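> If you read the sequences in order, they're chains B and X. For the first sequence, this note's numbering puts the final residue at 579, and the numbers step up evenly by one. For the second sequence, this note's numbering puts the final residue at 325, and the numbers step up evenly by one.
By construction, these hints were calculated from the structure, which means they are not laboratory data. These numbers were taken from a predicted model, which means no experiment stands behind them. Do not rely on the hints blindly, as some may be mistaken.
Quick list of simulated restraints, FRET-style, between CB atoms [unchecked claim]:
#, chain 1, residue 1, chain 2, residue 2, range
1, X, P308, B, E177, 46 to 52 Å
2, B, G545, X, A223, 28 to 34 Å
3, X, P186, B, R527, 44 to 50 Å
4, X, P186, B, G189, 30 to 36 Å
5, B, G292, X, A172, 20 to 26 Å
6, B, D205, X, R226, 26 to 32 Å
7, B, R471, X, K322, 52 to 58 Å
8, B, G487, X, F205, 41 to 47 Å
9, B, D184, X, F205, 36 to 42 Å
10, X, P308, B, G192, 52 to 58 Å
11, X, E259, B, P424, 47 to 53 Å
12, B, G189, X, K322, 40 to 46 Å
Glycine is no exception: its CB is placed at the ideal position from the N, C-alpha and C atoms.
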Amino acid sequence: MPETAAALLPADEAGWRLEDYLRRGGYGTARRVVTTMAPGDVLAEVRQASLRGRGGAGFPAGAKWGFVPQGGSGPRYLCVNADEAEPGTFKDRLILLRAPHLLIEGMIIASFAVGIRNAFVYVRGEYGPAVRRLEEALAEARAAGLVGPGLFGTDFGLDVVVHRGAGAYICGEETAQLESLEGRRGQPRVKPPFPAVVGLFRSPTVINNVETVATVPGILARGADRFLGLGLPKDGGTRLFCVSGAVRRPGVYELPVGTPLREIIEVHAGGLPEGARLKAVIPGGLSAPVLLPGEIEVRMDVESLARAGSMLGSAGIVVIAEGTPILDVLMATARFYAHESCGKCTPCRIGTSWILKIVGRLRAGGGAPDDLDLVAGLAEGIKGRTLCPLGDAAALAIGAMAAKFRGELERAVAR
Amino acid sequence: MSYLPSAAALQRIEAALARYPERTAALLPVLQIVQDEAGFVGPEAETWVAAKLGLRPARVREVLTFYALFRRAPAGRHTLAVCRNVSCTLAGAEGLLDLIVAGLGIGPGQTTPDGAVSLDTVECLGNCDHAPCVQVDGVDRGPLTRESVAALIEELKSHA
Ligand SMILES: Cc1cc2nc3c(=O)[nH]c(=O)nc-3n(C[C@H](O)[C@H](O)[C@H](O)COP(=O)(O)O)c2cc1C
Ligand code: SF4
Ligand code: FES
């Protein structure tokens, strides 16, 4: 893996500048792609690589690019999703800080493949240093003729605008992000139409996560087969796994898709601290239903985690040790969803705030005997009745905690 | 009292307006520039922004009130944002928040009477490998301990 680790995420921020990146062969792949390949061949290579989106939903990137209607003269847009607000996730921040030019090179290649000439990067407002780093890298790239009109002596050009969010988790959801980019509240749109057909400023728009886009140059540099060989047949390559919580070495680990969860926790992240015992693991950001210690013999790829009743999501692994009251975790979770529900649909808006009220009173010691059933019922009432996946995520994450730790919660209520 | 941005801010605002194919798309960046300079977006600034972008005032208000990072009232000279999402909670964020509240004598959403510090709680800062963590004036700090929190409180108070 060292080879790919160096390719996607450098060990530190030291070599982020354009001169360092060029010395490592940077922008060579974009140059070769733009000057020697046909857009359709680039798209075919990415399809062949089984690159799944790294933002949460795990949708194949090649297929998504293919949905953009061909022909026509109107604008089309690329929107790079750097909202990264899924609790437990902190990989895109590191790409922006350590490898901004890799992201820009990925944007050039993706845009070339789809016939896009205008790109936006939506960075969450809390990432000040990462925004400044990206702006600086873009200034370097513009000065060197690597962003702007007429790239590599061709008539292909790409303009990039960095757009800062202002503190709203829902703006990570693709259609809410488009609303926010257009200067409105970040409230999701009804789909269809999908953004690939009607997106930003009513034009076809590709939305991809930072890591997804940053993975593209490596695929074109070494070929889809090499990439595919690192991961699984339907889920290629490596991913950046974020590990936090009760481990000795919290951090981001670039590993093949399909690496066992137990190995990531025990080997790469150094295992739990001395004397601590595992209580639970959230495997894919807070939206992913919690797993019990007996459930962590699972490979970290989209399909394996779905079969395990959870999801790979953003690959943010949160390790919970025995001794942590599950009510504390449930409270943080309930508070998050109640706060971040955008308010557009009633089941999500009302459901999440009622759950928070009930969990709050349980935690304060004033719970009623049927409170747990009430929470489960409210979660059930949200499921499948909302516009965007946030409602379902809240229901599933909270529902799993409440169900899998029912005994502990009942004892807490009784006290 | 009517609002007018400085010449430098106005220049940044014009640049923001020029970046988007539709003028109204620049609403977030324009509000951010106003807030960068003034520390908050007050009613007069709202009116000014609405006129500048050709929007109804209610359109500006609805955006301003949707996003957590916008302030509609003046903040302290320093802002302290404390994360208490799950990874930080596992690392003891609640206890640290209690220390901060006791040390500053204010709760989340409040500003110390001398105008030195505004305290807020926030959702995950994307810095979970440094939990428990906070942002001071937008700069990340963490992992914090009881000792470093005490030092941080002193630091913020001494800047009064
Ligand atoms: C509530 C919610 C929050 C999301 N947050 C993010 C995010 O912060 N970053 C991200 O890349 N995708 C996020 N997504 C997923 C996006 O909607 C979208 O699927 C993704 O950006 C597509 O890029 P990908 O295919 O490269 O993963 C979120 C989805 C939902 C429903
Ligand atoms: S499910 Fe929740 S977050 Fe999504 S659109 Fe409805 S109210 Fe908004
Ligand atoms: S939970 Fe606090 S930074 Fe992520």
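> For each hint, tell me whether it holds in the structure or not.
Results of checking the hints against the structure:
1. Remark: the range hint 46 to 52 Å for P308/X to E177/B is contradicted by a beta-carbon distance near 19 Å.
2. Remark: the range hint 28 to 34 Å for G545/B to A223/X is upheld by a beta-carbon distance near 32 Å.
3. One distance hint, 44 to 50 Å for the beta-carbon pair P186/X and R527/B, holds here, with the actual separation near 48 Å.
4. At about 35 Å, the beta-carbon gap between P186/X and G189/B stays in the expected band of 30 to 36 Å.
5. At about 24 Å, the CB distance of G292/B to A172/X agrees with the hint of 20 to 26 Å.
6. For D205/B and R226/X, the hinted distance range of 26 to 32 Å is not satisfied, since their beta carbons lie about 50 Å from each other.
7. At about 54 Å, the CB distance of R471/B to K322/X agrees with the hint of 52 to 58 Å.
8. Judged by the Cβ atoms, the range 41 to 47 Å given for G487/B and F205/X holds: they are separated by roughly 42 Å.
9. Between D184/B and F205/X the CB atoms are about 40 Å apart, so this pair conforms to the stated range of 36 to 42 Å.
10. Range check, P308/X to G192/B: about 39 Å between beta-carbon atoms, so the 52 to 58 Å window is missed.
11. Taken as a hint, the range 47 to 53 Å is violated for the pair E259/X and P424/B, whose Cβ atoms sit roughly 32 Å apart.
12. For the pair G189/B and K322/X, the supplied restraint of 40 to 46 Å is violated, since their beta-carbon distance comes to about 51 Å.
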